[in-house]
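**Student:** Residue numbers (my numbering), protein chains in the order written: chain P, 1 to 340; chain R, 1 to 498.
Misleading hints may appear alongside valid ones.
As the list claims (entries may be wrong) - Pairs of lysine-lysine residues, derived as DSS-like cross-links and limited to a Cα-Cα distance of at most 25 angstroms, are as follows: (1) Lys132/P x Lys309/R; (2) Lys132/P x Lys328/R; (3) Lys3/P x Lys19/R.
Claimed, not checked - Short derived list, chain R residues pointing at chain P, Cβ under 8 angstroms: (4) Ile327; (5) Lys328; (6) Tyr331; (7) Tyr337; (8) Arg345; (9) Leu347; (10) Cys348; (11) His350; (12) Gly359; (13) Asn363; (14) Leu365; (15) Tyr367; (16) Cys370; (17) Ser371; (18) Ile463; (19) Pro464.
Hints are computed from structural coordinates only; laboratory data are not their basis. Treat the numbers as computed from the prediction; the structure is a model and nothing was measured. Backbone N, C-alpha and C fix where the C-beta goes; we use that ideal spot for every residue, glycine too.
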Amino acid sequence: MHKAAKRIIIASFSLAVLLLVVCVIFSKQPFQVYALFIIKPFTNMRILRTIIENTAPLILCGLGVIVMFRSGNYSLAGEGQVYSAMLGTAVLARYLEIQNFSAGIELVFSIIGGTILAGVMSIPIAIVGSYKRDNVLLISFMLSQAIVFIVDGLIAGPLRDLSNNLVATASFAARLPIISSSFPLSIAPLIAIVATLVQWFFFEHTPSGIMLTLYGRNAVYARLQGYPVWIFSWIPVIIGGLLHGLAGSLIVTASYGRVIRGMSGGIGWNAIGIALIAANKPAFIPLAALLFTWLDTMTQYTSALGYISFTNTIVIKALILLFITSKTTEFHIKKRIPAV
Amino acid sequence: MKELKLRSICKEFHSTKTKALIDVSCSFYAGSIHALVGENGAGKSTLARILAGVEKPDSGNILIDNKEFIFHNKRQAEKAGIGFVPQYPAVAKNLFVFEQLYLGHEPTRFIFTNRKECIRKSHELISTYGFSVDPLKKIADCSASEIREIEILQALSNNINMLILDEPTTVLEKHECAKLFQIIKNLRDSGKIIVYISHRVSEILELADTITILRNGKMLRNVEAHNIAKIELSKIVAGNIKEEKLQFASCNANANSVINVSHVITKEGGAGSLYDITFEVKENECIAIVGADGNGLESLENILTGFEKPKSGLVTYYGKSISSYTIKELYGNILGYVVSDRETRGLCFHESVLYNCLGKKLNTLDYKQCSKKCRQYAAKLMNDFLISGTLQAPIETLSGGNRQRLLLGRVLTENCRILLFANPFQGLDNSSRNLFCKKLVESYIHRKTIILLTNDIDDLYEIPWSKLFVLYRGMLYPYTGSSNSLSMEMLMTGVLHA
Numbered sequence: 001m002h003k004a005a006k007r008i009i010i011a012s013f014s015l016a017v018l019l020l021v022v023c024v025i026f027s028k029q030p031f032q033v034y035a036l037f038i039i040k041p042f043t044n045m046r047i048l049r050t051i052i053e054n055t056a057p058l059i060l061c062g063l064g065v066i067v068m069f070r071s072g073n074y075s076l077a078g079e080g081q082v083y084s085a086m087l088g089t090a091v092l093a094r095y096l097e098i099q100n101f102s103a104g105i106e107l108v109f110s111i112i113g114g115t116i117l118a119g120v121m122s123i124p125i126a127i128v129g130s131y132k133r134d135n136v137l138l139i140s141f142m143l144s145q146a147i148v149f150i151v152d153g154l155i156a157g158p159l160r161d162l163s164n165n166l167v168a169t170a171s172f173a174a175r176l177p178i179i180s181s182s183f184p185l186s187i188a189p190l191i192a193i194v195a196t197l198v199q200w201f202f203f204e205h206t207p208s209g210i211m212l213t214l215y216g217r218n219a220v221y222a223r224l225q226g227y228p229v230w231i232f233s234w235i236p237v238i239i240g241g242l243l244h245g246l247a248g249s250l251i252v253t254a255s256y257g258r259v260i261r262g263m264s265g266g267i268g269w270n271a272i273g274i275a276l277i278a279a280n281k282p283a284f285i286p287l288a289a290l291l292f293t294w295l296d297t298m299t300q301y302t303s304a305l306g307y308i309s310f311t312n313t314i315v316i317k318a319l320i321l322l323f324i325t326s327k328t329t330e331f332h333i334k335k336r337i338p339a340v
Numbered sequence: 001m002k003e004l005k006l007r008s009i010c011k012e013f014h015s016t017k018t019k020a021l022i023d024v025s026c027s028f029y030a031g032s033i034h035a036l037v038g039e040n041g042a043g044k045s046t047l048a049r050i051l052a053g054v055e056k057p058d059s060g061n062i063l064i065d066n067k068e069f070i071f072h073n074k075r076q077a078e079k080a081g082i083g084f085v086p087q088y089p090a091v092a093k094n095l096f097v098f099e100q101l102y103l104g105h106e107p108t109r110f111i112f113t114n115r116k117e118c119i120r121k122s123h124e125l126i127s128t129y130g131f132s133v134d135p136l137k138k139i140a141d142c143s144a145s146e147i148r149e150i151e152i153l154q155a156l157s158n159n160i161n162m163l164i165l166d167e168p169t170t171v172l173e174k175h176e177c178a179k180l181f182q183i184i185k186n187l188r189d190s191g192k193i194i195v196y197i198s199h200r201v202s203e204i205l206e207l208a209d210t211i212t213i214l215r216n217g218k219m220l221r222n223v224e225a226h227n228i229a230k231i232e233l234s235k236i237v238a239g240n241i242k243e244e245k246l247q248f249a250s251c252n253a254n255a256n257s258v259i260n261v262s263h264v265i266t267k268e269g270g271a272g273s274l275y276d277i278t279f280e281v282k283e284n285e286c287i288a289i290v291g292a293d294g295n296g297l298e299s300l301e302n303i304l305t306g307f308e309k310p311k312s313g314l315v316t317y318y319g320k321s322i323s324s325y326t327i328k329e330l331y332g333n334i335l336g337y338v339v340s341d342r343e344t345r346g347l348c349f350h351e352s353v354l355y356n357c358l359g360k361k362l363n364t365l366d367y368k369q370c371s372k373k374c375r376q377y378a379a380k381l382m383n384d385f386l387i388s389g390t391l392q393a394p395i396e397t398l399s400g401g402n403r404q405r406l407l408l409g410r411v412l413t414e415n416c417r418i419l420l421f422a423n424p425f426q427g428l429d430n431s432s433r434n435l436f437c438k439k440l441v442e443s444y445i446h447r448k449t450i451i452l453l454t455n456d457i458d459d460l461y462e463i464p465w466s467k468l469f470v471l472y473r474g475m476l477y478p479y480t481g482s483s484n485s486l487s488m489e490m491l492m493t494g495v496l497h498a
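Could you put the whole structure together from the sequences, leaning on the hints where they help?
**Tutor:** In structure tokens:
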């Protein structure tokens, strides 16, 4: 069985068990809440739509993490990149709206602008990575933290919309088109699935994808095989940044139409978690992302009803990642060989 | 421990669908050296790893003094008195020797490591067994034979009664081997069981009291060493006997110069540095440079492949400085290179056999039918060079011999104009060595330029050399002797007294 499939099974199983434990400990009606968690998404279209809608940016972030991690660049800048892309998209969309551009142009240019902004944020990391990959982890983390502070400051300060009490930027009207009016889902999940397919094809079926994977494993080996190591040392970091940026732009343009302070909500960190669950295989990212989004959405729903606290999900996620990364939970299917 | 018995040991690796051991039974006795011999993939290392608790058998028993034992890990085997020295050194280079010797069971004072006691015990251990390594030396500064000594001492520091040595001479030179053999004999005389794994017949006959011959995972024969002759053992082990003769080929004096190394001096002073190295390799020439460890062979390998820049001097390929080539030009089209450091530079660990087979082929493929062509290419490579295993299995599941065959096969099938081989036959048995020598000669016929860098005299036989050099203390000497059969000592003295 594939490592990623094993991890998804472990994640699903541990999620089911941990959730039950949390329900039993923290809820007065544990089995009712547990059933709500499992059944409600299939009976309430609105919840199902929210889960699918929220999965899309997480998938894109997960793909961004994969492209960076598989190239051996362990960048932790995702959170800051998503947040900066959100701000860039919102500001640009608002500006284009004021300039009376059409909604289509507003949407396309704001998404492109936000995405590129996150890509630009990757440049310092890419430069560091191309000289010394070991430093990427620390530099990217510090950069991400700095970006989060700066964006927070901008939202609360010069870019704040003072017409209401929200600590948020001014809203804009343009929204991503929806796939079908009967099931009002934006095209974001479609974009995420296409990106997954493209990345899966790149890594599994193109020489460049295989070369990049081998470079990520062993840069000296890749150099000795004459692979384009200089390109591999920085391009994946930029692509990772662009994917995080696209995720941020889609979050803003799909439903919110503005950026609220703290809106990235740990998506960059969750993306690292789902990349771990998917064992860096793009094909498994949608499943892993769906699992995390389902947990988040349903906890929000049940906590709104006053059943369990939202902070419980953080503990559950941490425990799932602990199970995933622990060697002792890896199971093997072995054939018994009779003694000769 | 007086006796250790293995009864009907079976082991299959599911990832590669390889039956590594099939119903192997044998006994090891105190005060004797028991050799396990066989070709690459015979199951020698697997048997050793089972004895050492690194692998678990699928079935069968391990009996120590008629008491059954099951080892789930190496620590349990050590507690039962079994020490294991693997084929390739597994030491932490940033540690001091005394730290490595007691790694994992350091002497303590309360909860803290007692370094003074550790040093004292290390001195005691070294003098007890007659070793010569300095416990206060950094492991990074130790020679290959000193590292072997450290590994043996590390095993002995656990008060073991049985020592398993898996091809301990792979990384050693001849003179270092002699020293190691004396140490092994001393250990045998002190009443320990020694299990010695090798495919080198001469070593086996020099050391062993009892020999167990393995082939394709089965026990072929169990014989007393004094009852078997070298020729007979060679025939049983490899099915053929190697003729040890140096061959020389004439070269075309008018041919174009391909590689030019002029007055190369490396940065560092001391052991391993190069002093004023100058040589030229012409088109379709086949040259060999032989040298013992610590004489600069590693530096020369790094200089010739562009991994290290010389302090002064110049290396040119086809008249152009090596540093002016792009990575793709140099490694992709010009230089086919079998590295001496197979594990960190030559292979991509944790990736599949398939990906490791592809190497430079990936530079020439387009995305259309990439998967299909990759598989076909890898399958052909495995078939042509007798690499056993499955394409999807991780590379680390292959035996050492199979890994080396993959490395050699990959370079020999690449379309590079210059082939550089650094210790290319490490860990290979005689039949594999013969196969690759043949392929190398074919490459030479196909007008490729070949450079061999080796610390093993045996690598020089069966290939017609245009020139032969000896690297000694960082200086290069041309070999002009006429001897057809030689040793490292002969080569060195022959050069130095010329």
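**Student:** Confirm or reject each hint.
**Tutor:** Here is how each hint holds up against the structure:
Annotation: proposed proximity of Lys132/P to Lys309/R holds, straight-line Cα distance about 19 angstroms (limit 25 angstroms). Simply put, Lys132/P and Lys328/R have alpha-carbon atoms about 21 angstroms apart, close enough for the 25 angstroms limit, and the pair holds. Only pairs whose Cα atoms come within 25 angstroms are accepted, and Lys3/P paired with Lys19/R is accepted, the gap being roughly 24 angstroms. This hint holds: Ile327/R has a C-beta 6 angstroms from the nearest C-beta of chain P, less than the 8 angstroms allowed.
For Lys328/R, the interface hint holds, the least distance from its beta-carbon to any beta-carbon of chain P being 5 angstroms, beneath 8 angstroms. The interface hint given for Tyr331/R holds, since its Cβ lies 4 angstroms from the closest Cβ of chain P, which is under the 8 angstroms cut-off. The beta carbon of Tyr337/R is positioned within 8 angstroms of a beta carbon in chain P (closest approach about 6 angstroms), and the interface hint is therefore held. At its closest, the beta carbon of Arg345/R sits 5 angstroms from a beta carbon of chain P; the interface hint therefore holds under the 8 angstroms criterion.
At a threshold of 8 angstroms, the smallest CB-CB gap from Leu347/R to chain P is about 7 angstroms, leaving the interface hint in force. The beta carbon of Cys348/R is positioned within 8 angstroms of a beta carbon in chain P (closest approach about 5 angstroms), and the interface hint is therefore held. Evaluation of the His350/R hint against chain P yields a held restraint, the C-beta minimum of about 6 angstroms falling below 8 angstroms. The interface hint given for Gly359/R holds, since its Cβ lies 5 angstroms from the closest Cβ of chain P, which is under the 8 angstroms cut-off.
For the restraint placing Asn363/R at the interface with chain P, the shortest Cβ-Cβ distance is roughly 6 angstroms, inside the 8 angstroms limit, so the hint holds. Interface hint at Leu365/R: satisfied, since its Cβ lies 4 angstroms from the closest Cβ of chain P, which is below the 8 angstroms cut-off. With 8 angstroms as the threshold, the beta carbon of Tyr367/R comes within range of chain P, its nearest partner Cβ sitting at about 4 angstroms, so the hint holds. Taken as an interface hint, Cys370/R checks out: its beta carbon lies about 6 angstroms from the nearest beta carbon of chain P, inside 8 angstroms.
Hint status for Ser371/R relative to chain P: holds, with the closest Cβ pair at about 5 angstroms, below 8 angstroms. A hinted interface residue such as Ile463/R counts as satisfied when its beta carbon comes closer than 8 angstroms to some beta carbon of chain P; here the least separation is about 23 angstroms, so the hint is violated. Against a cut-off of 8 angstroms between C-beta atoms, the interface hint on Pro464/R is violated, since the closest Cβ of chain P lies about 27 angstroms away.
Checked against the numbered hints given earlier, this structure breaks hints 18 and 19; the rest are met.
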